[in-house]
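Engineer: As given, the protein sequences belong to chains S and P, one line each in that order.
According to UniProt numbering, numbering within the first sequence proceeds without interruption in unit steps and concludes at 200.
According to UniProt numbering, numbering within the second sequence proceeds without interruption in unit steps and concludes at 200.
Hints should not be assumed to be uniformly reliable.
Same chains, same label: a pair holds when it works inside one copy or across any pair of copies.
In the DSSO-like style, the derived pairs of lysine-lysine whose C-alpha atoms are separated by at most 30 Å in a straight line are [unchecked claim]:
no., residue 1, residue 2
1, Lys157, Lys62
2, Lys25, Lys76
3, Lys157, Lys64
4, Lys62, Lys155
5, Lys68, Lys3
6, Lys62, Lys47
Simulated from the structure, these hints should not be mistaken for lab results.
Number of protein chains: 2
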Amino acid sequence: MSKPTLSFWFEFASTYSYLTAGRIKSLAEKEGILIEWKPFLLGPIFKDQGMSDSPFNLFPTKGKYMWKDLERRTEKYGLPFSKPDTFPQNGLKAARITIANLDKPWVHHFILETYKVEFSQKQDISNVSVLSQILKSLGQNPENIISTSESDENKNKLRENTEQARKLGIFGAPSFIVNGELFWGDDRLEDAIEFLKSRS
Amino acid sequence: MSKPTLSFWFEFASTYSYLTAGRIKSLAEKEGILIEWKPFLLGPIFKDQGMSDSPFNLFPTKGKYMWKDLERRTEKYGLPFSKPDTFPQNGLKAARITIANLDKPWVHHFILETYKVEFSQKQDISNVSVLSQILKSLGQNPENIISTSESDENKNKLRENTEQARKLGIFGAPSFIVNGELFWGDDRLEDAIEFLKSRS
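Could you put the whole structure together from the sequences, leaning on the hints where they help?
Structural biologist: The following block contains the structure:
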């Protein structure tokens with residue numbers, strides 16, 4: 001029998017997705033569960049809600065708090081942090097690379113490195129050369145990987161993920177789906193795992 | 001030396017404030033800290049952010065999730081829950097009663113009973129007779145208490161709390177202030193207590 005599986009929906013622009021990406025792998029191993037990694041885009045979903053920017057920019061008082069909270073939480077989790085100059089960043093290219101390589105063992109390192117570069121090294125992940133550098137550091141060939149990720153077939157895979165997220169009632173990131181039930185936010189990861197284990 | 005103190009900012013209309021009100025007293029006793037109870041109104045603060053209603057109504061997908069999340073969390077905390085017919089409810093009168101009686105031993109029971117009536121008994125706490133019933137059940141004289149709470153002096157106290165909340169950068173409820181530092185959400189209560197204890 002296969003291990004119980006939790007779907008982890010993440011967006012590369014999302015600060016709280018970084019927190020989860022930084023701890024979900026070791027937590028899943030400890031708990032004996034599998035993670036299905038589901039990159040998607042929040043932009044179209046925020047648009048559905050009438051928002052043309054991150055809520056942390058639209059509501060500056062909340063945004064100011066979020067950065068303070070993220071500083072405290074990254075420290076708690078032992079993750080590097082430095083407030084980026086650009087927020088939110090366009091995670092489209094990173095998401096396409098991820099979705100095209102979900103079967104590769106290096107993809108989880110790529111995901112976490114991309115978040116770290118974005119949220120602790122003041123680099124912009126919409127920049128191809130930044131992504132190339134990460135791929136190179138993982139011993140991969142950036143040109144091949146990036147060109148494959150820009151195929152129409154692969155672009156459609158990401159569109160389908162975003163459409164699926166919308167249908168699941170996802171409105172933010174990170175989100176977790178267990179047996180069709182939605183949990184939102186890094187704060188609910190433990191609850192989602194508990195729910196999964198109680199139903200396995 | 002007095003015990004370390006955490007300020008608990010709450011709004012009677014707020015679902016997640018109910019979660020905190022339902023567990024903060026026993027947690028504070030266990031942790032050896034004092035709670036400063038700070039009722040305030042979110043309405044004026046939401047208006048500052050350009051919102052004329054609860055974000056859970058303005059963003060219905062998020063709202064739908066919130067009720068599911070609240071159902072799960074109240075179960076986890078052992079609190080009664082039944083989705084109210086009216087949301088958000090006007091907590092003005094309840095907040096005035098609270099602020100006028102913060103030195104009374106029965107006030108914490110009044111706060112929690114008001115939340116329970118609102119979020120598990122389908123009653124409307126903007127209704128004076130509902131509040132009277134709660135006060136009576138606590139052995140108090142509703143007429144005296146309600147008329148005192150409607151004095152100009154007491155109305156001003158609540159206005160001052162709301163103004164103070166705004167100055168502290170509070171944008172939602174529940175919020176916690178420790179040494180001037182803001183923690184937002186029932187999920188951050190443990191972090192706020194840890195922060196307080198590390199600085200005491």
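Engineer: How do Lys157 and Lys62 come out at 30 Å by Cα distance, when the copy is not named: within, between, both, or neither?
Structural biologist: Answer is between: at 25 Å across copies they meet the 30 Å cutoff, but 33 Å inside does not.
Engineer: With 30 Å as the alpha-carbon cut-off, assign the pair Lys25 and Lys76 to within, between, both or neither.
Structural biologist: So Lys25 and Lys76 pass the 30 Å test inside a copy (17 Å) and across (25 Å) alike.
Engineer: For Lys62 and Lys47, with the copy left unspecified, which applies at a CA distance of at most 30 Å: within, between, both, or neither?
Structural biologist: For Lys62 and Lys47, the Cα distance is within 30 Å both inside one copy (19 Å) and across copies (14 Å).
Engineer: For the identical chains here, do Lys157 and Lys64 meet the 30 Å Cα criterion within one copy, between copies, both, or neither?
Structural biologist: between (34 Å within a copy, 27 Å between copies)
Engineer: For Lys68 vs Lys3, is the C-alpha pair at or below 30 Å within one copy, between two copies, both, or neither?
Structural biologist: Classified as between: cross-chain Cα gap 26 Å, same-chain 37 Å, threshold 30 Å.
Engineer: Reference check for the pair Lys62 and Lys155, CA-CA at most 30 Å: within, between, both, or neither?
Structural biologist: Between copies, since 27 Å is at most 30 Å while 33 Å is not.
This entry satisfies every hint, going by the numbered hints stated previously.
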